[in-house]
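The sequence shown: position 92 = 92 (the numbering used here), numbered continuously.
Note that these hints are calculated values from the structure, not bench results.
Careful, some of the hints might be misleading.
[What the hints assert, rightly or not] Across the chosen pairs, the derived CB separations fall in these ranges:
id : residue 1 : residue 2 : range
1  : N163      : M114      : 20 to 30 Å
2  : K73       : E172      : 19 to 29 Å
3  : E95       : R74       : 24 to 34 Å
4  : L153      : I83       : 31 to 41 Å
5  : K143      : K98       : 38 to 48 Å
6  : K104      : D178      : 43 to 53 Å
7  : H72       : Y41       : 32 to 42 Å
8  : D167      : I101      : 37 to 47 Å
9  : T102      : L153      : 46 to 56 Å
10 : I99       : N163      : 23 to 33 Å
11 : A29       : K73       : 35 to 45 Å
[Claimed, not checked] Computed cross-link-like contacts, DSSO-like style, restricted to lysine-lysine with a CA-CA straight-line distance of at most 30 Å:
id : residue 1 : residue 2
12 : K65       : K143
13 : K98       : K62
14 : K65       : K98
15 : K129      : K76
16 : K108      : K65
Using N, Cα and C, we set each Cβ at its ideal position, and we do this for glycine too.
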Amino acid sequence: MIKAALNRQMRKLIGKKENSVDFQGSIEAITIEGIFQLLYYASLSGKLLLLNPPKEATFYFKEGKLTWGTLHKRQKQIGQRLIESSNITEAQLEECLKIQITNKQKVKLGKILMEKGFLHSNILHDSLKDQVKDAFFDALNWKKGTFAFFSDLSTPGEEIILNERIDHLLLEGIIQIDRNLKN
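Could you build all of it, start to finish, from the sequences and the hints given here?
Shown next, in the form of structure tokens:
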């Protein structure tokens, strides 16, 4: 029953216009670390969907390196990150969000912030990179759920934000988890 529900949710995430699944399975059978390492060591390119209701995540890889990733819920939005790091003000964010809504969200918030002169591209890139890493580190804690991998699907409409080796990210993740346990 639960497996059928997970499969329905995975099919919903995948959508009809996507390629067929190259491989899929249970996170309980193959850990998240194992899945990421497989993609890295096999130098695979494509899209990895992770589902651990109510959590969902998507990661993109190019030749085994992580290029983009996001959590579909519970992830701090880029605007909030930029405010918390004092890179923009709440007023600047509100102004740019209004512009984005006017454009029916066809223009990325980061692009609007840069065009208005509120943000430098390096700061945006670093914030997006941190957002991707946070999604990766969050997913490392998942102990159950399902995954599906689709080869040769590139990051949709995004520049390559991250070009990180999985072994380096896993080491960074272990250090971060260890720090959190000590606090």
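Check: Taking the beta carbons of K73 and E172, is their distance inside 19 to 29 Å?
Finding: Roughly 23 Å apart at Cβ, these two residues keep to the hinted range, so it holds.
Next item on the list: Mind checking the alpha carbons of K108 and K65 for me, to see if they're no more than 30 Å apart?
Entry: Holds, because 24 Å separates the two Cα atoms, which is no more than 30 Å.
Notebook entry, point to check: Are the Cα atoms of K65 and K143 separated by 30 Å or less?
Noted result: 22 Å, holds
Check: Okay, H72 versus Y41 on CB: inside 32 to 42 Å?
Finding: 27 Å, violated
Check: Would you say the C-beta atoms of K143 and K98 sit inside 38 to 48 Å of each other?
Finding: Since K143 and K98 have Cβ atoms about 41 Å apart, the given range 38 to 48 Å holds.
Next item on the list: Below or equal to 30 Å on CA atoms is what counts here, so check K98 against K62.
Entry: Given that 30 Å is the threshold and the Cα spacing comes to 34 Å, the pair is violated.
Check: If you draw a straight line from the CA of K65 to the CA of K98, is it 30 Å or shorter?
Finding: 35 Å, violated
Notebook entry, point to check: Has the hinted range 46 to 56 Å been met by the Cβ atoms of T102 and L153?
Noted result: 31 Å, violated
Check: Does the Cβ distance between E95 and R74 fall inside 24 to 34 Å?
Finding: With a Cβ separation near 26 Å, E95 and R74 satisfy 24 to 34 Å, so the hint holds.
Next item on the list: Would you check the hint for K129 and K76, treating anything up to 30 Å between C-alpha atoms as holding?
Entry: With a Cα-Cα distance of about 13 Å, the restraint between K129 and K76 holds, given a limit of 30 Å.
Next item on the list: Could you check the hint for me, namely that K104 and D178 are 43 to 53 Å apart, CB to CB?
Entry: 44 Å, holds
Note to self: Between the beta carbons of L153 and I83, is the distance compatible with 31 to 41 Å?
What the structure shows: 32 Å, holds
The structure does not agree with the numbered hints 7, 9, 11, 13 and 14 stated previously, though it agrees with the rest.
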